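Undergrad: For the protein sequence lines, the chains are A and B, in the order given. Here the first sequence is numbered in the numbering used here, starting from 542 and rising by one per residue. Here the second sequence is numbered in the numbering used here, starting from 16 and rising by one per residue.
FYI, nobody ran anything at the bench for these hints, they're computed from the structure. Computed from a prediction, not measured in an experiment: that's the story for all the values here. Incorrect hints may have been included.
Unchecked claim - Computed footprint of chain A on chain B, listed as stretches where at least three residues anywhere in the stretch have a Cβ under 8 Å from a Cβ of chain A:
id: 1; segment: 24-35
id: 2; segment: 38-51
id: 3; segment: 86-95
id: 4; segment: 101-110
id: 5; segment: 131-138
id: 6; segment: 157-168
Unchecked claim - Derived DSBU-like pairs: lysine-lysine, alpha-carbon spacing no greater than 35 Å straight-line:
id: 7; chain 1: B; residue 1: 126; chain 2: A; residue 2: 737
id: 8; chain 1: B; residue 1: 21; chain 2: A; residue 2: 885
id: 9; chain 1: A; residue 1: 649; chain 2: B; residue 2: 123
id: 10; chain 1: A; residue 1: 635; chain 2: B; residue 2: 145
id: 11; chain 1: B; residue 1: 126; chain 2: A; residue 2: 631
id: 12; chain 1: A; residue 1: 549; chain 2: B; residue 2: 177
id: 13; chain 1: B; residue 1: 177; chain 2: A; residue 2: 833
id: 14; chain 1: B; residue 1: 145; chain 2: A; residue 2: 885
The beta carbon of each residue, even a glycine, is placed where N, CA and C say it ideally should be.
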Amino acid sequence: MKKLIDIKAFITATIVTILTIILVFIGSRSLQNYDAALVAYLFGTLFAIFGIVYRYTVWIQRPPTWIYVNRSFKVLFSKEFFHFSWYSIKDFVKNIMLQSFILKRGKKKGAAHLLMAIGCSLAFAITFPLTFGWIHFTLVPATGLDPNATDIYTAHFFGFAVLNFPVKSIIGFMIFGALNWCSILVIIGASYFLQKRLKEPGLIAIQTFEGDILPLLLLILVSITGLGLTLDYEFMHGKAYEFMAVTHAFFVIIFLVWMPFGKFFHIIQRPAQIGAHIYKEVGKRKGMQICKQTGKPYTTQLHIADLQLITRALGFNFRNEKGDSFLEYSPEGKRDMLANAHLKARQEAGKFFG
Amino acid sequence: MAQSYKVQQEFFVDMQRCIGCRACEAACAECETNGHESMIHVNYVDRAQTIQTTVQVCMHCDDPVCANVCPADAITKDEFGIVHSANTSRCIGCSNCVMACPFGVPKKMEKYDLMMKCNMCYDRTSVGKKPMCATVCPSGALFFGTREQMEKMRPNSTPVNKFIFGQETVETKVNLMMPKGSTELKVF
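If we strip away everything but chain A, and leave its shape as in the complex, we get (with noise of 0.2 Å):
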C-alpha cells in the first residue's frame, strides 16, 4: 500500500524549514532588519520550501533515482574527485547555465528558454534573500541630511555592510530596477512559450492547464504585476500602490505554493542531469556491454548491472529459467528476438498470414 505521508521526507522537509526560519533570524538580526511588508512572501517560501525538499527527498529514494544518488556520491569520494568535478563544472555551464540541449531542439525556443530561465534564476536570487531579511539597504545619513549631498544608500547582506552606491547612479539603476529586467526577460520567453502552446496542434494534444498553461500564465502575471509596482511609483505617484502591491503578492504567492506541485519542480530536478553525464562517462571506463543478439555494444556494463537490480526493486524479473537476462539485449536485439518469435510462432501453425 502507498504510505499517506513519506516520515523521511517529512522529517528532512521540517529540518530544513526550522533552519531556514532560524536564518532568517540570524540574517536578519533578530528580526531587526526585517521589512513587515514581505511577511506574506516569507511565508509562501517557508511553504514551498518545506514542499520542494519533501518532495524532492520522495523522489531521490525511488530505486532508478537512489541509484544515480548511491552513484554520485561514490565518485564525489572517489580518486578521480577532481577529474568529474572539473566535468560537472563545465557540464554544469554548457547545459544548466547556458542550456545548450534546449538550444538544439529549436533556436527560437532555446533563446525563449534561456531569457525565461535567466530572468526566474536572477530574480529567485534576489528576492530570496530579500524576502528572509538578508539583504536591506540604508541610506547613509550624512548624505540624507545634507541638501546638496547626493544621496548614498548602504547594501547591508546579512547583517554585514557589503557596497555603498549612489541612489541616481547606473548602479543603483540596475540594483533597484533589477527585478524589473528580469520580469521584461520572462515575459518574452513566456509569451513566446505560450502562444506556441495555444496554436501548435502536437502540444495541444498532450497539454493540461495545470501542467502546461498555468505555470507560463503565473510567470507572465507575477512579472507583469511586478511591473505594475514600478509603473506605480514611477508615473502614477503610488495612486494605485496598495491594488498593485496586493495582486502581485497575490500572484507570487500562488507561484510559490505551486512550486514543489507542478512544473517548476523540474528546476530542481535538472541538475540530476550533470548526474546522468558522469554516470555515462564512469560507465564507459569499466567497459561496454555487449548485445547477446546482435554482437554489437549498446550500452555500458554498469548501466545494465543496475538497470537489473532497478527492475528487480521494482517487481520486474527478466531473467530466463538459465539466468540470462532480457536486458542484456540491445533495443535492436530485443526487436529481432520478437520479430523472430513471431515468424516461429507463424511458422509453427503452418501459414504466414491469417
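Please build the complex by placing chain B on the supplied structure of chain A, with the hints as guidance.
TA: Relative to chain A, chain B alone:
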C-alpha cells in the same frame, strides 16, 4: 485534451505482413507530437536467411517498465492507456527507458539529450483520427480499428497482447496478430 479518443478502436500489428516499404517511417515523421521525428522501427527479421522485415510501434504496456525505471518521473500513462513520450522538461536523458523496454521502442535523441517514443500519434488519436503509420500501411501490417473489423479481416488469426520475457509477463494495449487460438507470445 483527448475529448474524442475512440476507446473502442485498437491497434493491431501483424509483423509477417510487413513488406519493408517504410511508408510508416515517412508517415510517422508527420506526427506533430513527435516534433516531426520518425519514431517507428522497421527491422529485418533474420537478414541472413530472409528478406522479411518487421515493424515495431510502442506497445503501450499496462504497467510500463519505461515509466517505472525513469529516475525523473518523465514518462506517464494516461486514462486511455497511452504511454506518453518523455516530458521534455523532466527527461534527463539517462536512457534507462531505452534499455529497459522489452520491445526496444524508446529512442534516445542524443543531440536533444531526450528520450522520444511513439505515442500512438496522440495529436490524431485524441481527436478521433487513426495513427499515421496505420493510415498509410499498404499491406495491413499495421491496422487501427475495432476488434470486430479485425475479426472479419483476419478470421484465422487471434489478437494477442500478452508477451513473455523470461519470468516477466507483459500485457499491452497494442495487439499482435497471432495464429488462431494463441493466447501469448514467448519471446525469451
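Undergrad: Now, for every hint given, state plainly whether the structure supports it.
TA: For each hint, the structure was consulted:
no. : hint           : result
1   : 24-35          : holds (count 4)
2   : 38-51          : holds (count 5)
3   : 86-95          : holds (count 3)
4   : 101-110        : holds (count 7)
5   : 131-138        : holds (count 3)
6   : 157-168        : violated (count 0)
7   : B/126 to A/737 : 22 Å, holds
8   : B/21 to A/885  : 33 Å, holds
9   : A/649 to B/123 : 22 Å, holds
10  : A/635 to B/145 : 41 Å, violated
11  : B/126 to A/631 : 17 Å, holds
12  : A/549 to B/177 : 38 Å, violated
13  : B/177 to A/833 : 24 Å, holds
14  : B/145 to A/885 : 30 Å, holds
In summary, the structure is inconsistent with hints 6, 10, 12 from the numbered list given earlier, while agreeing with the others.
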